[in-house]
Amino acid sequence: MSTKATEKMQITTELIDQTETSLLECKVCFEKYSQQKKQRPKNLPCGHVMCLECVLSLAHPRNFKLECPFCRRACKSSETSDCLPLLHLMEILNPSVNNALVPGRKIGRGEDLATSVSQVLTFSLSFGGWGTLINPTGIAVCQRSGCVAVAHDGKKRIKLFTFNGSCIQQFGERGEAGNDIRYPTDVTVTLDGHIVVTDSGDRSVKVFDFNGRGKLVISESFCLPWGLDTMPQNDIIMTDSDAGVLYRLTADFKRGELKGVKKMCSNLCNPRKVAVSQTSGAITVIEHMMGKGPSYSSIRVKIFSADMKFISQVDSFGLSLVFPSKISASAVAFSREGHIIITDAYNQAIFCLGKPEEFPVCKPLVTQGLSYPLALTYTEDNSLIVLDSGDHSLKVYTTS
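For the sequence shown, the working numbering begins at 1 and goes up steadily by one.
Mixed in with the good hints there might be a few duds.
Estimated spans, in silico, between C-beta atoms of each pair [said to hold, decoys possible]: (1) R182 x C269: 22 to 28 Å; (2) G338 x L125: 32 to 38 Å; (3) S221 x P85: 52 to 58 Å; (4) F30 x K263: 53 to 59 Å.
Each computed SDA-like pair below joins lysine to any residue, with the alpha-carbon atoms no more than 20 Å apart [stated by the list, open to error]: (5) K254 x G193; (6) K262 x P232; (7) K326 x G354; (8) K32 x L86; (9) K215 x S166; (10) K263 x R248; (11) K156 x C223; (12) K262 x G212; (13) K326 x D82; (14) K38 x E25; (15) K156 x S124; (16) K38 x S81; (17) K156 x Q169; (18) K156 x D209; (19) K215 x G260; (20) K76 x T122; (21) K326 x S305; (22) K76 x S316; (23) K262 x I237; (24) K259 x G214; (25) K32 x F64; (26) K155 x G214; (27) K262 x N234; (28) K215 x R203; (29) K215 x G193; (30) K259 x E220; (31) K156 x G175; (32) K156 x S204.
Worth flagging that the hints you see were computed from the coordinates, not collected in a lab. The C-beta atom is built at its ideal place from N, Cα and C for all residues, glycine as well.
Modelling step: build the complete structure from the supplied sequences, incorporating the hints.
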């Protein structure tokens with residue numbers, strides 16, 4: 001090796017050493033940053049950086065507030081974010097250290113998604129688009145007919161598509177006698193093929209047959225009916241966001257006869273989307289906590305057993321402890337294996353939170369190609385259909 005090459009190598013080694021000491025070391029605890037959870041570098045709103053463990057140590061246990069030890073600016077631990085330049089620098093200096101995923105990074109076929117999720121989701125098809133769908137809000141799969149129902153704000157509020165994207169039926173024009181839908185917030189399909197829609201326009205739940213004929217309208221003094229899903233017993237579960245109530249609706253859908261409306265839970269905080277496991281009957285609800293101030297927003301994912309016994313919950317801050325970025329769950333569904341799957345509008349991604357007994361795991365399933373995921377559902381063959389409200393389309397992912 002020549003003298004110049006030796007000098008260059010020495011200079012490079014010194015630069016790397018200085019970088020590790022000056023940049024890749026927390027200036028509070030003097031531990032080296034790493035991709036692991038506790039030592040991940042976190043940005044404070046003031047611009048200073050420290051490891052997650054120091055953020056949690058300095059934060060007040062009740063209100064999670066802390067002062068930056070360098071400039072004394074106050075902030076909340078939930079306002080911190082991953083320092084991506086340092087994470088990328090660590091990956092360059094030590095490419096073998098890649099156990100944790102950086103938000104936005106593409107997931108390859110060889111990477112493990114979760115200890116209990118072995119399949120890899122592969123993008124297969126996209127259909128819909130502006131003009132075909134306008135500001136869509138909900139989707140549901142009809143296993144009986146093999147199609148997907150979409151609620152949107154177009155002239156015909158409900159559209160039925162085959163899984164290859166062909167529109168085979170549409171109905172629900174505003175003001176039309178017998179099948180009027182004003183502003184649909186969600187949709188589900190019963191086991192016997194009836195389409196059920198929450199209509200926030202007149203605060204009701206409306207039931208239609210496959211041809212779009214109105215079968216039943218349920219009002220019951222609802223405040224703001226929102227999320228829907230079908231239970232294994234063919235009952236409907238529904239959230240009332242303003243009332244904070246989870247309802248169970250029982251009916252003979254074929255005859256259009258309402259049998260009962262039962263409150264299953266009445267102390268929820270702005271519940272929106274809801275999902276029911278068709279295998280275990282477990283129920284998952286997304287709550288939206290509203291606080292004072294324009295920047296305050298948080299979500300909470302809450303899980304109940306089939307008999308409405310509370311199992312577990314996690315909020316935005318709790319999710320930030322198991323994944324290095326803020327997560328804002330916009331919709332929820334159960335996979336065929338019973339895993340809780342959420343859409344994340346903030347990271348434009350899909351996450352698996354694991355099964356109720358191992359909740360939350362928080363592993364990314366889809367991190368690219370989404371704009372504003374707002375709903376999701378699974379088909380009989382375990383394909384995942386995602387409603388992307390950002391580009392008014394449906395995107396299909398298959399397992400491999």
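Structure-based check of each hint:
In this structure the supplied range 22 to 28 Å holds for R182 paired with C269, their Cβ-Cβ distance being about 26 Å. Separation of G338 from L125 is about 25 Å and departs from the stated range, judged on CB atoms against 32 to 38 Å. Range check, S221 to P85: Cβ separation about 54 Å, and the 52 to 58 Å hint holds. For the hinted restraint 53 to 59 Å between F30 and K263, the CB-CB distance of approximately 55 Å keeps it satisfied.
Distance hint between K254 and G193 is fulfilled; the C-alpha atoms sit about 9 Å from each other, no more than 20 Å. Between K262 and P232 the CA atoms are separated by roughly 16 Å; this keeps the pair inside 20 Å, and the hint holds. Note on K326 and G354: the hinted pairing holds, with a Cα-Cα distance of about 18 Å set against a maximum of 20 Å. Restraint check: the Cα-Cα separation between K32 and L86 comes to about 11 Å, which is no more than 20 Å; the hinted pair holds.
Of the supplied pair hints, the one linking K215 and S166 is violated, its CA atoms being roughly 25 Å apart against a limit of 20 Å. With a CA separation close to 6 Å, the supplied pair K263 and R248 stays within the 20 Å bound. Note on K156 and C223: the hinted pairing is violated, with a Cα-Cα distance of about 24 Å set against a maximum of 20 Å. At most 20 Å may separate the alpha-carbon atoms for a hinted pair to count; K262 and G212 exceed this at roughly 26 Å.
About 9 Å separates the Cα atoms of K326 and D82, which keeps this hinted pair within 20 Å; it holds. Distance restraint check for K38 and E25: the Cα-Cα separation of roughly 13 Å lies within the 20 Å cut-off, and the hinted pair is therefore satisfied. As the CA atoms of K156 and S124 are separated by approximately 27 Å, the hinted pair breaks the 20 Å bound. A threshold of 20 Å between alpha carbons decides the hint, and for K38 with S81 the separation of about 13 Å falls inside it, so the pair holds.
For the proposed pair K156 and Q169, the alpha carbon gap of about 10 Å is at most 20 Å, so the pair holds. Distance restraint check for K156 and D209: the Cα-Cα separation of roughly 15 Å lies within the 20 Å cut-off, and the hinted pair is therefore satisfied. Between K215 and G260 the alpha-carbon distance is near 16 Å, which keeps this suggested pair within the 20 Å criterion. Restraint check for K76 and T122: the C-alpha separation of about 37 Å exceeds 20 Å, so the hint is violated.
Taken as a hint, the K326 and S305 pair is broken in the structure, with Cα atoms around 27 Å apart against an allowance of 20 Å. Of the supplied pair hints, the one linking K76 and S316 holds, its CA atoms being roughly 13 Å apart against a limit of 20 Å. A threshold of 20 Å between alpha carbons decides the hint, and for K262 with I237 the separation of about 10 Å falls inside it, so the pair holds. With a CA separation close to 17 Å, the supplied pair K259 and G214 stays within the 20 Å bound.
The suggested pairing of K32 with F64 is violated, with an alpha-carbon distance near 24 Å, which exceeds 20 Å. Between K155 and G214 the CA atoms are separated by roughly 17 Å; this keeps the pair inside 20 Å, and the hint holds. As the CA atoms of K262 and N234 are separated by approximately 15 Å, the hinted pair is consistent with the 20 Å bound. Of the supplied pair hints, the one linking K215 and R203 holds, its CA atoms being roughly 17 Å apart against a limit of 20 Å.
For the given pair, K215 sits about 12 Å from G193 by alpha-carbon distance, which is consistent with the 20 Å threshold. Simply put, K259 and E220 have alpha-carbon atoms about 12 Å apart, close enough for the 20 Å limit, and the pair holds. A hinted pair counts as satisfied when its Cα atoms are at most 20 Å apart, and K156 with G175 qualifies at roughly 11 Å. Our distance criterion of 20 Å between C-alpha atoms is met by K156 and S204, whose separation comes to about 18 Å.
The structure shown violates the earlier hints numbered 2, 9, 11, 12, 15, 20, 21, 25.
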